[in-house]
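Which chain is which? The protein sequence lines are P and C, in order.
If you want the numbering used here, it's the position in the first sequence, counting the first as 1, plus 174.
If you want the numbering used here, it's the position in the second sequence, counting the first as 1, plus 7.
Hints are computed from structural coordinates only; laboratory data are not their basis.
Here a beta-carbon is modelled for each residue, glycine too, at the ideal position from N, C-alpha and C.
Just so you know, not all the hints are guaranteed correct.
Computed footprint of chain P on chain C, listed as stretches where at least three residues anywhere in the stretch have a Cβ under 8 Å from a Cβ of chain P [to be verified]:
| id | stretch |
| --- | --- |
| 1 | 258–266 |
| 2 | 441–450 |
Only some residues are given here: those of chain C computed to face chain P with a beta carbon under 7 Å [said to hold, decoys possible]:
| id | residue |
| --- | --- |
| 3 | A287 |
| 4 | Q289 |
| 5 | N293 |
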Amino acid sequence: MTAAIVWQRRRAAAAGVWREFAANRGGLAGLVILAVIVLLAVLAPVITDPSGLDVTNAPGRPLQPPSGRFPLGTDIDGRSVLLLTLWGARVSLLVGFAATILSVLIGTIVGIAAGHFGRWVAGILLRLTDFFLVLPSLVLAIALSTVLPQGIATIILAVGVTSWPTTARLVRAQTLTIESRPYIERAKALGGGHLHIVGKHVLPGVLPLVLANTTLVVGNSIIAESTLSFLGLGDPSAVSWGSMLQRALSSGAVTGGAWWYLLPPGLAIVVIVLCFTLVGRALETVVNPRLKGHS
Amino acid sequence: MWLLFRLGGSTERRDLVRFSMFRSWRVGVPLLAAMLVAGPFVAPAQAQQQGGKVLRVALVQEVDHLNPFLASFASSTMVGRLAWEFLTLPSAEDNTPSPGLATSWTTSDDKLTWTYQIRQGVKWSDGQAVTAKDAAFTFNRIMTDKKAQEANGTYVENFASVTAPDDHTLVIRTKVPQASMTAIDVPIVPEHIWAGISDMDDAKTDGVPVVGVGDGPFLITEYRPNELVRLKANPDYWRGKAKYDELQFISYKNADAAVNALRNDEVDLVNRLTSTQFDALQGEANITTNKATGRRYRELLINPGAQNLDHQPIGDGNPALKDVRVRKAIAQAIDPRTLIDKVLGGYGELGGGLLPTSYPKYHWDPSDAQRYKFDPAAANAALDAAGYPKGADGTRVGPDGKPLQLRLLGRASEDFAQRGSDYVVSWLGAIGIKVTKQLVSDNEVDDRSNAGTYDLAFSGWGTSPDPDYTLGKQSCGALPATAGSSSSASFFCDPQFDALYQQESTELDPAKRADLVKQAQARYYDQVPSVVIDYDNPLEAFRTDRFTSFPKQPAGSGNIMEQSGYWGFYGATPADGGSDSGGLPAGAWVGIGAAVIVVIGAGVGLSRRKKSADDQE
């Protein structure tokens with residue numbers, strides 16, 4: 175009975191959030207483009223022939239300008255740039271999402287723990303957060319991906335463990351706000367333990383903000399992945415946008431004026447990060463009442 | 008560069024995530040634009056001239072050591088060849104031995120004793136006289152100090168004794184007759200400086216106080232690792248001072264940056280161009296390109312079971328590669344022709360023996376019957392027959408039950424390794440060998456290929472006009488005393504090859520010697536400790552408005568940089584009235600402009616940022 179009411183309320187709240195979100199045109203546009211990109215990336219093995227990625231089967235001549243056969247031209251090995259860009263989306267999105275989940279997970283746990291327990295626990299956790307915050311994340315990520323074996327998992331780890339501190343700070347602040355509310359005190363007085371308070375009250379209160387934050391973190395993770403691949407630290411066996419740019423540079427395609435080799439991965443990064451930012455900001459305005467009327 | 012900036016900027020932004028997004032974009036966009044403009048122009052500041060004519064050379068390979076006993080990168084030996092004179096060196100015209108410190112040389116009737124007359128009146132840059140004792144010291148040091156053998160150990164392994172009876176006479180006694188005694192590519196260093204160095208590995212041996220004392224055409228005056236090596240023309244050089252005053256080697260992280268620097272008149276000479284860059288530079292005003300016949304071979308190393316001098320195994324190469332049948336199958340499964348055509352853009356000659364076609368006397372090509380033809384089906388059949396059946400996932404399994412998985416080591420900075428590795432992975436995948444790419448820094452490739460911690464690796468060596476150097480690097484004698492100190496190029500150790508090498512190096516009849524050299528190469532080819540892929544055409548380009556000509560080696564068809572000797576740099580002729588002292592180069596002005604944009608952009612961004620922060624509360 176009560177469960178039904180709870181679900182009804184939740185549905186209504188979700189519908190409200192959606193209405194508000196949909197009112198933000200930028201956010202909506204971002205979401206639509208993002209959905210298309212994700213769909214294309216997921217369907218890439220179905221709609222394209224992966225054998226075209228193998229340099230030994232490259233169908234074209236090196237650095238052909240865009241033509242009917244190759245809408246975005248060919249790369250230095252004669253592969254279709256369109257095909258590479260499509261497959262590059264898979265790595266970029268995979269790393270983007272996985273690193274974000276890792277980062278947000280660490281950030282949320284550390285943030286809630288610091289906010290909820292306070293005192294020495296907070297002291298230790300916040301100093302740790304500060305440590306990661308002041309360290310230039312790129313340098314740390316480079317160091318990590320140099321020591322660990324090359325591969326996608328390493329990149330995810332390197333990006334994930336270097337980008338959590340800001341989430342932690344954010345979550346801690348929100349936890350403190352929520353814990354100062356009277357109903358938490360009531361719950362404590364009624365004998366609610368740490369697990370109950372954190373699980374039933376703090377976490378649901380923090381989650382909307384975490385969600386909005388997550389969308390923004392994804393954009394950053396994608397850029398971080400591209401940066402590391404561009405520096406030659408990515409997974410060498412997978413095509414990603416960063417590694418396409420790196421190869422264009424190292425093979426001299428830039429000097430050769432092959433703009434069609436550089437622009438697609440570059441623009442793809444810009445578009446996908448822009449989309450995540452638009453969606454993230456729209457979500458933020460919805461879940462954070464203080465931002466209303468500002469954006 | 009912009010990627011870097013965005014990531015760096017993100018830490019600042021995330022903290023203010025609730026109401027920050029547009030603010031950081033306002034700061035970010037002008038900065039980003041400014042950095043895009045500034046990007047290619049950052050380097051020239053260090054390359055500014057300080058009066059006098061300067062030759063600025065772009066270096067796209069790292070420098071491992073300036074210490075000539077350790078320097079093994081082509082870039083490092085190129086610098087070392089300028090600072091210290093040799094006994095004799097190959098001539099610029101046709102690589103025949105020509106006098107250096109030695110004015111003349113004679114050999115005894117038993118061909119075991121060589122006597123060199125040392126040039127009189129040559130001085131080290133600190134004023135002391137160059138004598139035969141310096142030469143004796145240099146060779147004796149290499150003969151007695153294992154650490155000093157890293158770069159040039161192969162030259163002295165047959166030396167019984169080296170003495171200097173007086174200041175102008177050097178006597179070298181060899182154990183067996185040696186044909187390459189007029190092609191000893193070892194820089195002679197000053198005894199009074201180097202005698203005090205007890206540990207050759209000491210980092211200070213790369214410092215200017217040590218390496219700055221020389222007698223070559225140029226003297227090292229400044230060394231900033233991975234940044235700059237500065238040399239000045241030696242005013243007292245015995246052949247006469249070079250036609251310009253200063254020589255700078257400026258490091259660039261990638262060849263594209265170096266090409267841009269050449270176009271923007273920030274450097275005068277660039278080598279190691281990729282085929283795309285070379286094609287793009289052809290026909291540009293004030294730039295001349297040079298496609299040379301190569302004296303380097305490029306190879307794919309196949310670790311044949313690395314071992315040290317005592318035949319104890321070192322490293323962690325896959326044991327399956329000790330099986331020559333597996334190595335042959337690998338050689339059959341890769342197609343050097345495709346690598347040349349596609350990765351090198353056609354600028355290479357198909358490989359055969361270790362010695363390139365530019366030394367026609369010693370070059371060896373396999374006959375059609377001998378050559379490994381690209382034939383994956385035959386390679387598959389050979390591996391099946393050798394006892395490496397394919398497992399369920401398509402990867403072959405060795406007799407020890409382990410899947411046949413190999414690592415492919417290559418330089419991350421090198422286009423060939425980056426792209427060629429894709430081909431090798433695909434080709435070997437087709438015969439059931441799973442290959443993972445490991446693209447790392449130049450120095451790590453060097454360390455690991457010396458320590459034997461590789462399965463497959465892209466490598467390559469420059470060769471000398473005399474074949475001893477190259478063949479010696481493949482002999483058992485070149486195996487490392489300790490792991491990591493290797494002068495062996497491939498960890499090859501084969502009695503039959505060694506016998507041919509020994510005969511060759513003692514054979515003084517040129518025709519017979521050439522034949523033995525070819526037989527040795529044929530044996531190497533048959534045993535495949537490495538597949539010689541090709542002999543690259545060195546692709547170089549220089550600015551004709553700054554330097555009109557450079558001597559090539561050999562004359563007409565050769566290269567300018569990475570010669571056997573210093574001719575290319577020493578004989579460079581500056582253009583008349585070429586831009587020298589006074590005034591900043593165009594690149595610097597653009598750089599300054601970009602800096603101004605950065606400042607203004609950041610200012611605007613900050614002021615807006617302040618404004619929007621005010622708006623918030």
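Status of the hints after comparison with the structure:
{"no.": "1", "hint": "258–266", "verdict": "holds (count 4)"}
{"no.": "2", "hint": "441–450", "verdict": "holds (count 4)"}
{"no.": "3", "hint": "A287", "verdict": "4 Å, holds"}
{"no.": "4", "hint": "Q289", "verdict": "11 Å, violated"}
{"no.": "5", "hint": "N293", "verdict": "16 Å, violated"}
Hint violations for this structure: numbers 4, 5, all remaining hints satisfied.
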